[in-house]
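With chain A fixed as given, assemble chains B, C and D onto it according to the hints.
Number of protein chains: 4
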Amino acid sequence: MRIGVLTGGGDCPGLNAVIRAVVKTAEHKYHDEVIGIRDGFSGLIRNKTHPLDLARVSGIMPRGGTILGSSNRDNPFKFAEYIGGKMVQSDVSDTAVENYKKNGLDCLIVVGGDGTLDIAHKFSQKGLNVIGIPKTIDNDLYATDITFGYDTAVTTVMEALDKIHTTAESHHRVMVVEVMGSDAGWIATAAGIAGGAHIILIPEIPFEIEKIARKIYERKGRGKHFTVIVVAEGAYPISGERTIKRIVEGSSETVRLGGVGEYVAAELERQTHIEVRTTVLGHIQRGGTPSAFDRILATRYGAAAVVFAHEGKFDHMAALRTPDIVSVPLEEALHQMKRVSPDGSHIVTSRNVGISFGD
Amino acid sequence: MRIGVLTGGGDCPGLNAVIRAVVKTAEHKYHDEVIGIRDGFSGLIRNKTHPLDLARVSGIMPRGGTILGSSNRDNPFKFAEYIGGKMVQSDVSDTAVENYKKNGLDCLIVVGGDGTLDIAHKFSQKGLNVIGIPKTIDNDLYATDITFGYDTAVTTVMEALDKIHTTAESHHRVMVVEVMGSDAGWIATAAGIAGGAHIILIPEIPFEIEKIARKIYERKGRGKHFTVIVVAEGAYPISGERTIKRIVEGSSETVRLGGVGEYVAAELERQTHIEVRTTVLGHIQRGGTPSAFDRILATRYGAAAVVFAHEGKFDHMAALRTPDIVSVPLEEALHQMKRVSPDGSHIVTSRNVGISFGD
Amino acid sequence: MRIGVLTGGGDCPGLNAVIRAVVKTAEHKYHDEVIGIRDGFSGLIRNKTHPLDLARVSGIMPRGGTILGSSNRDNPFKFAEYIGGKMVQSDVSDTAVENYKKNGLDCLIVVGGDGTLDIAHKFSQKGLNVIGIPKTIDNDLYATDITFGYDTAVTTVMEALDKIHTTAESHHRVMVVEVMGSDAGWIATAAGIAGGAHIILIPEIPFEIEKIARKIYERKGRGKHFTVIVVAEGAYPISGERTIKRIVEGSSETVRLGGVGEYVAAELERQTHIEVRTTVLGHIQRGGTPSAFDRILATRYGAAAVVFAHEGKFDHMAALRTPDIVSVPLEEALHQMKRVSPDGSHIVTSRNVGISFGD
Amino acid sequence: MRIGVLTGGGDCPGLNAVIRAVVKTAEHKYHDEVIGIRDGFSGLIRNKTHPLDLARVSGIMPRGGTILGSSNRDNPFKFAEYIGGKMVQSDVSDTAVENYKKNGLDCLIVVGGDGTLDIAHKFSQKGLNVIGIPKTIDNDLYATDITFGYDTAVTTVMEALDKIHTTAESHHRVMVVEVMGSDAGWIATAAGIAGGAHIILIPEIPFEIEKIARKIYERKGRGKHFTVIVVAEGAYPISGERTIKRIVEGSSETVRLGGVGEYVAAELERQTHIEVRTTVLGHIQRGGTPSAFDRILATRYGAAAVVFAHEGKFDHMAALRTPDIVSVPLEEALHQMKRVSPDGSHIVTSRNVGISFGD
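Protein chains in written order, with the numbering used here: chain A, 1 to 359; chain B, 1 to 359; chain C, 1 to 359; chain D, 1 to 359.
Excised from the complex, chain A in its bound form (with noise of 0.2 Å):
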């Protein structure tokens, strides 16, 4: 078989061991030829495109991104260019399609998140034998118990929990941690845990200020005058999101960086004239080198991809049901968000060893 790859949407650590894997399992199992494509999509409407042996791939597993590169606004269903100073959009999955065929591909494995994974559905309507590799650093695709990435993610958070709760108990303080998770919560959940956070904010539980605020008075009576909060950028405030724009209104510019986060500090110290301090992870989530745990997983999944494509299983996804990955249809694994739930697990054991939610 000729298989082709290629890595869309944003970093995550583990990309680089997926590669790795489907190489390995091309090369040693099937003898077959892997060619990767370049920054996503656009290497395949481009066709930048290039041999992947054995070769190329050792010693890319302990490195953070993707060999291959990525990116984020290519989908050739509307892909958007700029011709004569302005943009426009137009269907070229085409030319897509003809690079697949000019390349000689019996397959193509798509690593990456639900966009990314939506596009390769459609690619597998128009004909092309697409395998997909699910992709998130948020760990909410509903289709599989957990994705690459998430556990480097969750481990670079506490690590900086760990650095932030020294500051914080030497100098009384408040602090609020900003992390990943727009529409889900796993992230600022599990971090939260293993950093020993007082207060977690996510998503799923809108919060109030007052509730926040009584638990840091709580933790003052009982001789604690510090508090570390876990907020997830998707968080908000039970009385609603206009609190958070009234503030930034005014300063288009600054909009960016004043998150939840910034409105939780502001608003405590507001109340309670504690000091609190915001720190914002940003980008360095998405880096590093990929814990163990997420190198196996991402492991298993490139190879599973290439024993799937020797199956036929097309327009099928990798997908961990523990402890074994199986292949699910890409259609009906779309569109499905897996969110933290207010009975699972995590959020028990958080509130039994005394954890708040803000709720």
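Please note that a few of the clues may not be correct.
According to the in silico footprint, chain A covers these stretches of chain C (three or more CB under 8 Å from chain A) [stated by the list, open to error]:
| id | region |
| --- | --- |
| 1 | 66-79 |
| 2 | 159-166 |
DSS-like, lysine-lysine: derived pairs with alpha carbons at most 27 Å apart [as the list claims (entries may be wrong)]:
| id | chain 1 | residue 1 | chain 2 | residue 2 |
| --- | --- | --- | --- | --- |
| 3 | A | 313 | A | 102 |
| 4 | A | 29 | B | 215 |
| 5 | A | 86 | C | 224 |
| 6 | B | 224 | D | 86 |
| 7 | D | 215 | C | 29 |
| 8 | B | 211 | A | 29 |
| 9 | C | 220 | D | 29 |
| 10 | A | 224 | B | 29 |
| 11 | D | 86 | B | 220 |
| 12 | C | 122 | C | 48 |
| 13 | D | 224 | C | 29 |
| 14 | B | 220 | D | 48 |
| 15 | D | 220 | B | 48 |
| 16 | C | 224 | A | 48 |
| 17 | C | 86 | A | 224 |
| 18 | A | 220 | C | 86 |
| 19 | A | 29 | B | 220 |
| 20 | B | 224 | D | 48 |
| 21 | A | 220 | C | 48 |
| 22 | B | 29 | A | 215 |
| 23 | A | 211 | B | 29 |
No wet-lab data here; the hints were simulated from the structure. We put the beta carbon where it would ideally sit given N, CA and C, even for glycine.
Okay, now just chains B, C and D, sitting in the frame of chain A:
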């Protein structure tokens, strides 16, 4: 309630996270008191105890080891002491029962491996309210999907392999790394996949030196002049253990170090004339700050044990049946070992990506 | 002797290593007693003290923060307190002197930055036997070659840059990372070199956005579609601070976060239409386990301070004059700042390897 | 100019940072060309070279090892080859000179230890324009204050000691950790201080087992039932090496592992009946991503070497004379070793904080 807690057996990252979760759940959820028992069962025999409150467990989660201390040879049913320069064994379990009562305990949470939990079960039969929490770095306890400490140990080995990889590659060397796992090859297999090992030797799959040499030559044929081999300490050659013993004969003092890693290195050098270097990771695999995964798992175990205490689930232990923590009768849980299945996902994935098991 | 020790000012990795070395040297070398004073000078005012012995400092070296606590606004010569809902400032230094005597101290070791050491010097003039140990994460104290905490902060920033690098490269992004350094660019420069930054902006060298844009284009011309920029929080554009203020006008609440990193990102996006992402590392630079370098340096400072106490070198501070720790009169040491020299080895090396300073 | 660069001898973190700095300085500052020579001097003999440009060195700084490969037994003046099944030594230095010319080199930058730099000097005498960069993980080169790789090795050992500490403490164990340093105890001393070792054994200070045992008992007397001992591989008992040899007699195969760490452990167990565990860190001390300190130092060396080339300072090597990088005649620099001074600051500080050297 008044809950006692002790930690027994070998060191394992996550013990402090368990203790912390026990105390936090006891205080926050139930307003219980917790009594820490020092140095495993020997603290129960000698009545070395102290209260554990929130202040005492503050900040301990990131630390390796156990703030309660542990002990390896403290079985109260066969307690060994030097009396008059002679080692004498006696049953002092009644003393332990007395101290349990003297401390006013309603329940005793015992964190330990197979041996420690066996003792816990015996105390149940003597009328104590005991709840077990499984602990082994080797991940080989049958009753639970995963044990805390394992992910951290795998990470430590993976990081060592990452370091060894670059030396092996720059210097065209064969590097043998001996890791923990006398009965089961979980650490070797997982860390081997994550650390990019080319050959993994585990107790579940007896190896042949010739097969290992063949893999080294096959790599050389592809221009890869280095090979990284991970060996679980319990791995052995198919031709029998006899060979290992021969090597260390005549040198009783050095036997301890001359493990299977050393054997593999010596035999490979003899057969291939390629330079081989051995590293024995030893106790660093038991230490260090627990990984995020282990902190969360340990916290879940600790919190669940207190809940089980309030539900009266004595003579049981907490066990992970993904995604839940359930209670399992101690009797059922003990004396069964979980080994790496040659048909399981780890081995299948490994073989797919070209890893050899020397068979 | 009876030696008091306190830590003042902002958090800094290595404080616990200093405290530990003070106690260990006092006990092992001189059989002295050590008294810990809580929360900086405020503990001396309120007489919050406790003995520090070997048991108390066991195992603290790897931990961030300070076991003694610290305080930021505790100048006994201008002590601020809320009295009757109003902030009142008064000179309570005599109370501090009294408590020094009440605790039977023969000497007080003060670990702190410029402000804290200035207070220490004033107490010397009031007759106390004071010895200073310099502390600043920013490495900008004139009197000493290097301060502890700096190497750890550089390492934290470097690790963040390593993580951001892979994302920048995979996604063709310009990434701006704002780091500590309001008056001096030591952290930005050292971490920038170590983390492979392409542009470093520091207070010592005012920048021009056009020059930054030019470097980005120059890289693009060589096929490098990403650029990593490190900005010290005190860097500013050559055209004057005015521009930064304009941006945050009208939004008093969000001013805190809209630092120079944000300014650089916004201006670059405006001028180049390339996507720019900003990360503000904040307080994680002050936390974490100290690096080997900092542990050794902090241990040397702590041990030397006790030796100086026995040599009667009061009103002095310990200072590193490579390779020795010497004593320097506090008066000489204060109020002088060490900035990055534009002709110094760090800047010269940076320019040699092609790093731009935006000038 | 056309500059060749090669790396020789053992692996050392920072080699890639040197290579990168050479290429970056050559291209950015001088528009020079750089030619990489593979596998040390053996690449010059066999003419295995390739151009090194900015793209080739992009992203290599964080990686351990050397992208050029190295070689241990490649002295062109005594080159050993198997010819007809027999090892034959010959002087092939003229071939190397020829290949230097064939590649059109104006200068050759040689990164290596004492042995490699000695060869470099001999090529200088044969008319080549050679510039040396000192490299040893052991920090024992006389001509330079500090060598890159050393700080990383110290960090690796410190991290291992941090891990071992918690196990030692939880289990009341004596732990022996054997580290690199056959002639000088720099790594053992620095890592011992930073890792909180209680006893450090180095080649510069012969030890007595009785003194070690006394320290263990002294600690026990203070309630400290654990002790951490760091042993440099070249440390030896005052009573002579003879004892070490006796232990491994009769077992020629296991001699390699039965180092001084093993000896100390065995003797201590014999004399104290306390359980002792040994860990031999081995090659993981040579690997891993370089520390910030080492990346900066390596970058300075690499950049300076290219500047020296343009200044015509051939037959010299770059050396750190804090805070400057200077050029030193190779002849003066070689064959002198820098050992840990028993009166130097490291030993004095160590003794002050109560560390024993077993003397």
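Results for each hint:
| no. | hint | verdict |
| --- | --- | --- |
| 1 | 66-79 | holds (count 5) |
| 2 | 159-166 | holds (count 7) |
| 3 | A:313 x A:102 | holds (23 Å) |
| 4 | A:29 x B:215 | holds (15 Å) |
| 5 | A:86 x C:224 | holds (25 Å) |
| 6 | B:224 x D:86 | holds (25 Å) |
| 7 | D:215 x C:29 | holds (15 Å) |
| 8 | B:211 x A:29 | holds (18 Å) |
| 9 | C:220 x D:29 | holds (19 Å) |
| 10 | A:224 x B:29 | holds (18 Å) |
| 11 | D:86 x B:220 | holds (22 Å) |
| 12 | C:122 x C:48 | holds (21 Å) |
| 13 | D:224 x C:29 | holds (19 Å) |
| 14 | B:220 x D:48 | holds (18 Å) |
| 15 | D:220 x B:48 | holds (18 Å) |
| 16 | C:224 x A:48 | holds (16 Å) |
| 17 | C:86 x A:224 | holds (25 Å) |
| 18 | A:220 x C:86 | holds (22 Å) |
| 19 | A:29 x B:220 | holds (19 Å) |
| 20 | B:224 x D:48 | holds (16 Å) |
| 21 | A:220 x C:48 | holds (18 Å) |
| 22 | B:29 x A:215 | holds (15 Å) |
| 23 | A:211 x B:29 | holds (18 Å) |
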